[in-house]
Structure formats: structure tokens, C-alpha cells
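Enquirer: Top to bottom, those sequences are chains A and B. Heads up, the final residue of the first sequence is numbered 346 in the working numbering, and it's a clean run with no missing numbers. Heads up, the final residue of the second sequence is numbered 346 in the working numbering, and it's a clean run with no missing numbers.
It is worth saying that the hints were derived from the structure and are not from the lab. Take every hint as true, because none was put in to throw you off.
In silico lysine to any residue, SDA-like type, Cα no more than 25 Å apart, as pairs:
1) Lys-252(A) / Thr-246(B)
2) Lys-252(B) / Ser-269(A)
3) Lys-262(B) / Met-260(A)
4) Lys-249(B) / Thr-283(A)
5) Lys-196(B) / Thr-69(A)
6) Lys-196(B) / Asp-70(A)
7) Lys-238(B) / Gly-135(A)
8) Lys-276(B) / Thr-256(A)
9) Lys-271(B) / Ala-261(A)
10) Lys-252(B) / Glu-241(A)
11) Lys-276(B) / Glu-241(A)
12) Lys-252(A) / Arg-253(B)
13) Lys-203(B) / Asp-70(A)
14) Lys-271(A) / Asp-274(B)
15) Lys-252(A) / Thr-256(B)
16) Lys-252(B) / Gly-135(A)
17) Lys-249(B) / Thr-246(A)
18) Lys-276(A) / Ile-134(B)
19) Lys-249(B) / Met-260(A)
20) Lys-238(B) / Glu-241(A)
21) Lys-276(A) / Gly-270(B)
22) Lys-249(A) / Asp-217(B)
23) Lys-271(B) / Leu-263(A)
24) Lys-271(A) / Gly-242(B)
25) Lys-271(A) / Lys-262(B)
26) Lys-249(B) / Ile-267(A)
27) Lys-252(A) / Glu-137(B)
28) Lys-277(B) / Leu-263(A)
29) Lys-262(A) / Asp-274(B)
30) Lys-252(B) / Pro-132(A)
31) Lys-252(B) / Thr-246(A)
32) Lys-252(B) / Leu-263(A)
33) Lys-271(A) / Leu-263(B)
34) Lys-262(A) / Met-260(B)
35) Lys-277(A) / Glu-278(B)
Number of protein chains: 2
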Amino acid sequence: MRIAIDAMGGDHAPQEIVRGCLQASGHTEAELILVGDHQRITDELTQSGISYDPARIRIMHAQEVIENTDSPVRAVRGKPDSSMVRAIELVKSGEADAVLSAGNTGALMAAGLLRLGRIKGVERPAIVSIYPLIGQEKAFSLLVDAGANAECKASNLLGFAHMGSIYMKSAFGVESPTVGLINIGAEETKGTAQLKDTYQLLKTSGLNFIGNVEGRDIPGGAADVLVCDGFTGNVILKLTEGLAWTILKTIKRRFTEDVMAKLGAAILSGKLRDLKKEFDYSTYGGAPILGIRGLVFKMHGSSTADAVRNSVIKAALVASGDLTGQIRQAMEAYANGEEGTDPDEE
Amino acid sequence: MRIAIDAMGGDHAPQEIVRGCLQASGHTEAELILVGDHQRITDELTQSGISYDPARIRIMHAQEVIENTDSPVRAVRGKPDSSMVRAIELVKSGEADAVLSAGNTGALMAAGLLRLGRIKGVERPAIVSIYPLIGQEKAFSLLVDAGANAECKASNLLGFAHMGSIYMKSAFGVESPTVGLINIGAEETKGTAQLKDTYQLLKTSGLNFIGNVEGRDIPGGAADVLVCDGFTGNVILKLTEGLAWTILKTIKRRFTEDVMAKLGAAILSGKLRDLKKEFDYSTYGGAPILGIRGLVFKMHGSSTADAVRNSVIKAALVASGDLTGQIRQAMEAYANGEEGTDPDEE
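Produce the complete structure using the sequences and hints provided.
Expert: Structure below.
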């Protein structure tokens, strides 16, 4: 088992990426291939002060870096020696079983499509993200698409529902996961024309479709798989993250503004710590881009070493199964003659 | 000053609507006209046990009710004797200075357009909602559109930015309010084609545009006026409401699960109460639909008596100014020959 990591992608690269890999190395049998500037990665490995087995962590040099401001397709074509493209090519050549990056989402999607190709029957690959639930019976829902496709047709959304359901089953063992469509009303006549069409497609999809899910029902875990376009998914994830963080910070400030409050807070410190942990998105690791012929994981742009460690461990776990094969099988079953693409056909 | 209220619209109508009006009557000089089923409203007035001045609260009978499942335009045309349509007509005839409804949002928008008409220069009226901020220096941002227009062109969004800025200034006294565009990245190249176009329009609009605002920055009060399409706005508002509620419920449960925690919670009970109040959306009242030739306020569908009371008081306050006139003036200044509509032209 080998995992390729784009060491130069993300807000805290390469430092946090390298440290996360060092931490992960103690928890997985996988060999980790750090792709990026050789000198900078070596420096980070040395400066971390963490000892590691050089047979289990190795460096593959790449000259360039795709920036967040780069235009996705142009970047992938114009920077063939970038850490992201090189890391993805390791999956293509069979030298790695999965690839992870905290870099430019659009570029990661484009690189996956251009270098690995699309699974037959999949119109649009999508990012399947964990949506952590607070104080609910289930720990999370899956959100598809979490940011790869800003605009979507009804048939795209149907594909997302299929891929999300497959991932929920194969990675988390949930049989017949419930599927909800993010919308602005419960009735099937609500929302845009695309969403009304999607509702009808989902009704006859054979999936366990439970109807529309409104914003207010998301935090209660209304469905195992939440389907929406990537714009809405991105807003939902980031808003949840920002709001949970704001509320916790406010609670903390309020609970320490006078002596009595501090006493109460001291008694409740264990509870407060538990709550903070439930809010911590980094514990859930990266999100796979499904629909591509290979395992590509998108990590949060602001991933810290802890988040990278969890993402690497999770990726190794998923790579030990046959997620791509399962998606291929399921998507072909409902695809109506629509062909996949080989690399460089897009 | 007279305020018309659709007594039959909303999840808890007519009971909570009638009680909210009774409560408001003690806090405003305005005369309230309750529109809807005469018998049911009379019963609610009697059953409330609250004494009131019949000169200040009167009933106008309307036979029909527009339901949430009704198709907006068809409902407005097909149910001329509905409480919502009748209430709006009171504004048209000059018998009321403003109208409030907790009913079908699309129908309220359609009734406003069809009966009152559009202000010249306004392409699309929009709902301007309060987005409450928790633990921030400012108490709220304004969110436009909060649910009236699921899909929008760039020029529509520009209009929302103008109307939101005018409302922030005229209703809340904020000079040169900051305007942010809800998007999935900070860079001006992010998002859909419409949003890229909107970014360029806002840059040269003369408004105090501060750039894109991502989901995670919304709860921190990134801008005074947040601009987005009605689909995104609806998801943002409802998700925030649902998440805040879920987090508070979880805190409450955690803090009462053992004896020591209960002791800590008892000490902090005042702080917890304050927090809950900050989360309470009902304190902010209804949201105006701007761009219509008349003051129309949308109340939350699940409005309780408290929320209705606050909405009525706020509507009376806004109606005492000349919001519609200010919008007319400002929109005409930037409109390029685009004409408004008279009633029944839409």
C-alpha cells in the first residue's frame, strides 16, 4: 500500500503536511510518498525532530506548485511538474494506491479528470465530504457535492446521490443509506427547475430517497446522504464550521468573564472539552473525489498536521477496499450508454 | 398609521398571529387590521383572554387561505378573496401603510408584484432578512435575497446590493454599509459565471463593496450587507437557525447529565440564558420585500406570538419613515431606462 501526498498544497504547506505524514506513519503500514520541493520537504522532516523510517516515507521531487489563484485546467496543463500533478500521476502509473492534496480544489478535480479519466456512467465526479453532526445519534451525514461542481444539472445530482450512497455503504457499512435533496422547502414543487427535476429522478432511482431537506434539518442528521450542487455544499460546510467555532468562542468568553462564571466553567471543563471535540472537523480526514478512475482525496485547505494524519490513515483504509471498482459497477448499472473518458480526453 | 396582517398565513395561524397582534397593540400606536376568517379570528381574540381596544384592532373578513403547497402566481390569481391578497390590497387602496404575512413566500412576492407593482429600476424585488450575529460587535448583518428569487442574474444581485444598502442606512442608520458577495472562495475568479460578473458589477457600483464572503466568515459579521440568490440565502438562514438550536440543545443535555455538571450549569444559568437570547431569531421581527411599491413584510413561517409582536412593532417603525420612496430614488439613479411595472402588468 502506497499513498502519494501533495506536500506543497494547502495554507500550511509544506510544514503541516509533512508533520501530519510523520504522525500518520506511526499509525499505518502504508508507504508515504511526499511529492514537492525536495529541499523544503527534507528541511521540514529534519526540523520536525520526529524520527522516521526512510523506507516508509520517501520524497519525490516536483519543481512547481499550483496556487489557489491558478485557473484549474490551465494550471494542470501549464504546470506538469507541479506537486499535485506529479502526485496524481503516481496513481496513474500504479506507483501509488491513493493521492491526497490540500491544494486548489478545482485543479485537483481537473488533474484527476485529465490524468486518470472518468468512470463510465459518471457525468461529473464529485467531492463527498463528511458533515459532522453534533449531539445526534449518528456521527455524521455525507454531503455530495462539497465543492467540485458549482453548477449542476438534475442528472449530475442523481449521479451524486448514487456515488454518495455507494460510499456510505462501502466505507461506513450503512446498508440502504437515506438520501435527502437540499432544498428551500419540503414540498416536491419547491426550488429551482433543476431541483424539481432532480426530485423526480430520485423518486424513481431505486435509492432510499426521503425527499427534500431544508437547511434547518441538516444539523439534526435528516439523511445519511445529502445531495446538492458544489456551491451550496461549500457554503453549508464552511458556514457550519464558522458558526460552530463562533458559538464556542462566545461560550468560552462568556464563561470566563467573572469569578462565579469561571467556577462554573471549571466544573464543566470536561463537558466543554467534549463539545469542542464534537465540533472538530479535522478529526474526520479528507474527502474523496468520487467518479474518477483512481482514489483522490481532497483535504481541507487549512489542514493542520492532525488533520493530515487523520486523512492519510483514512485514505489508507479506504484504499484497502475497492471503492473505485464498486462505483464503476454501480454507475454502469444505471448509466444509459453514456461512456466514461480515458485520460486526456476531457 | 395602519398595519394589515394576514391572520391566516403561517404554521401557527391564526392563533399565534392574533395573539402576537394583541401583544403588539400595547406597544405601538398603529391600528392593526387582522385579515382572514372572521369567526376564527374572533374566537382567537376571545380565547386569548387579553383585553384590547376594538378601535385599535379590527377584523377584515377574507374567505380563502393561500397554502404553502399552492403555486404562487396561480394562488394569487385563483384566490382573490384570500387573507394574503386582501391584506395586500389594503396597502394598494391606501387603507394600510404596511402589510405582514407569515404565509407562502412565493405567493407573497407574487401578490406584491401583481397588486402593488415594481419600483422603476428594480429588476427583481428581494427579501432583506436580518442575519443575527452571535458574540460580535455588531448585532446583525442583512442578507439579501433571503428566499424570494431562487435563481438570479448578475444584474439582479447588483440590485439586491443597492436595496440592502439603502435599507441598512434608512432603517438602521449605518452610513456607507459594507457589501459582501457570498461565494465559495475569496478570489474574484471564484464561483459561477454569474458571480464573477456580479463581482465586476459591484466593484464599479459606487457601493462599499469589500469582495467575496465565504460561508465560514458569515457568522463573524464579515459585511453589513450579504448578497446572494434566494436559494443560498434561504439555506444560510435556516442552517444557521438549525445549527444554533442543535448546539444549544446539546449543551443543555450535556450540562445536566450528572450532579456535578448540574451544579456548574446552575452557576452559569444566567450566562446560558443570555446565550439563548442571542440565538433567538424571533426577536428581530419580519423581513421586508424590497423593490415593491408598498411595504410588504415576510414573517418566519413558524412565527410565534412573540415573533409576530416584534414584527408588527418593527413594521410600524419602518412605515413611519419613507423606505419605499428612498428605494425609488436610489434605484432610479442607477437604473438605465429600465421601467417599473404597474399592478397587473407582470
